[in-house]
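Chemist: With these hints in hand, go ahead and build the complete structure from the sequences.
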Amino acid sequence: MLCNSELRSFQHHLAEFDTRGIRLFAISVDPTATSQSHRRKMGYTFPFLSDVGAAVIRHYDVLHRGAGPKGEDIARPAEFLLDKEGKIVWRNLTEDAAVRARPQQVLSTFDELNGKTVR
Amino acid sequence: MKRGWNWSLWFGFLTVIVALFSYQFFVLFPITRDFPWANLLLFAGGGILLAIGLFRAFGRPAVYRGKIFGPILTVLSLLMFGLFAYGLFYIARQMPPSLGAPAVGQAAPDFTLPDQDSKTVALHDVLRLSDTHAVLLIFYRGFW
Chain A
33 MLCNSELRSF
43 QHHLAEFDTR
53 GIRLFAISVD
63 PTATSQSHRR
73 KMGYTFPFLS
83 DVGAAVIRHY
93 DVLHRGAGPK
103 GEDIARPAEF
113 LLDKEGKIVW
123 RNLTEDAAVR
133 ARPQQVLSTF
143 DELNGKTVR
Chain B
4 MKRGWNWSLW
14 FGFLTVIVAL
24 FSYQFFVLFP
34 ITRDFPWANL
44 LLFAGGGILL
54 AIGLFRAFGR
64 PAVYRGKIFG
74 PILTVLSLLM
84 FGLFAYGLFY
94 IARQMPPSLG
104 APAVGQAAPD
114 FTLPDQDSKT
124 VALHDVLRLS
134 DTHAVLLIFY
144 RGFW
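Note that the protein sequences, when read in sequence, are chains A and B.
Take the first sequence: its letter number 2 is residue 34 in this note's numbering, and every next letter is one higher.
Take the second sequence: its letter number 125 is residue 128 in this note's numbering, and every next letter is one higher.
Any given hint might turn out to be false.
As the list claims (entries may be wrong) - Selected chain B positions facing chain A (Cβ under 8 Å, derived; list incomplete):
no. : residue
1   : F61
2   : P64
3   : A65
4   : Q109
5   : L116
6   : D120
7   : L130
What the hints assert, rightly or not - Heads up, simulated EDC-like pairs for lysine to aspartate or glutamate below, C-alpha to C-alpha not over 20 Å straight-line:
no. : chain 1 : residue 1 : chain 2 : residue 2
8   : A       : K116      : B       : D120
9   : A       : K73       : A       : D93
10  : A       : K102      : A       : E144
11  : A       : K116      : A       : D50
12  : A       : K119      : A       : D93
13  : A       : K116      : B       : D134
14  : A       : K119      : A       : E144
15  : A       : K119      : B       : D128
16  : A       : K116      : B       : D113
17  : A       : K119      : B       : D134
18  : A       : K73       : B       : D118
19  : A       : K73       : B       : D120
Said to hold, decoys possible - Rough simulated footprint, nothing fancy, chain B against chain A, three-plus residues with beta-carbon under 8 Å:
no. : segment
20  : 51-57
21  : 128-134
Hints were generated in silico from the structure; no laboratory data involved.
Note that the Cβ used here is the ideal one computed from N, Cα and C, for glycine as well.
Modeler: What follows is the structure in structure tokens.
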């Protein structure tokens, strides 16, 4: 419910990410089949990556132990913005599952950073 | 004298039900999601109606009904509000500290994962594409 709210808002602003060359990836422990059907159902057009076993999620230390519906380890909501070199330029680790990153936040952060580097 | 229908008890109870379940709708908009003020207003409205109903049932029992179902509806309403508040103000705030998450200025750990079509996506390959100026990773809980 909350995740869809966030993903949906990014989908609505996808054109603005595309024109800036910002590539979006959604990552969770969902198997590829779940991502595929969910993505189709909700009309999301950016890629969904499947981290079954949560190896990458652990690597980024965004694991939420036992928070799945059957006590599985899942990802906590978190966002990382990387520059062209793969360096993290902005991140958001919410303390409240209901308070999520907003697309405008990421876009303005990107614009600010790139305005600085270009000039 | 036939006692009158205590409508404010029922409308209050109905408002509380709407307050609980309408978060599914209000969650879609960041302004009513980040803080559920729309739902809290509905709960408050329901509470006021229930209070009026109880006041009538017990204050003027000769005119209004509801001495038995009034308290029952009120307890059910309090349970629904408790459930809502527990979920949104307690459970939702139990986030792990993620102290080891890569910080601003650090290199993002590389990864290779399958996408929804089981096609392999490697972060270093995506970064190398000429039209990639930035990458946004959105970790989400999942739909299982």
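Chemist: Against chain A, with CB atoms and a cut of 8 Å, does the hint on B/P64 hold up?
Modeler: Hint on B/P64: violated, closest Cβ of chain A at ~43 Å, above 8 Å.
Chemist: Tell me if B/F61 is really an interface residue toward chain A, meaning its C-beta lies closer than 8 Å to one of theirs.
Modeler: violated (37 Å)
Chemist: Restraint: B/L130 near chain A, CB-CB cut 8 Å. Satisfied or not?
Modeler: holds (5 Å)
Chemist: Can you confirm whether the C-alpha distance between A/K119 and B/D134 stays at or below 20 Å?
Modeler: Between A/K119 and B/D134 the Cα gap is close to 17 Å, so the pair holds against 20 Å.
Chemist: Verify this for me: three or more residues of the segment 51-57 of chain A with a beta carbon less than 8 Å from a beta carbon of chain B.
Modeler: With 6 residues close enough to chain B, the hint holds.
Chemist: Starting from A/K119, check that the Cα of A/E144 is at most 20 Å away, please.
Modeler: Status holds; Cα separation ~16 Å.
Chemist: Do the numbers back the hint for B/D120, that is, is its least Cβ distance to chain A under 8 Å?
Modeler: At about 7 Å, which falls below the 8 Å cut-off, the nearest Cβ of chain A leaves the hint on B/D120 intact, so it holds.
Chemist: Answer holds if the nearest beta-carbon of chain A is closer than 8 Å to that of B/L116; otherwise answer violated.
Modeler: holds (4 Å)
Chemist: Go through the hint on B/A65 and say holds or violated, using the shortest Cβ distance to chain A against 8 Å.
Modeler: violated (47 Å)
Chemist: Is A/K119 close enough to B/D128, meaning Cα to Cα at most 20 Å?
Modeler: Within the cut-off at roughly 15 Å; holds.
Chemist: Are the Cα positions of A/K116 and A/D50 separated by 20 Å at most?
Modeler: Cα-Cα ~15 Å, so holds.
Chemist: Run the distance test for A/K73 versus A/D93: straight-line Cα separation, threshold 20 Å.
Modeler: violated (30 Å)
The structure shown violates the earlier hints numbered 1, 2, 3, 8, 9 and 10.
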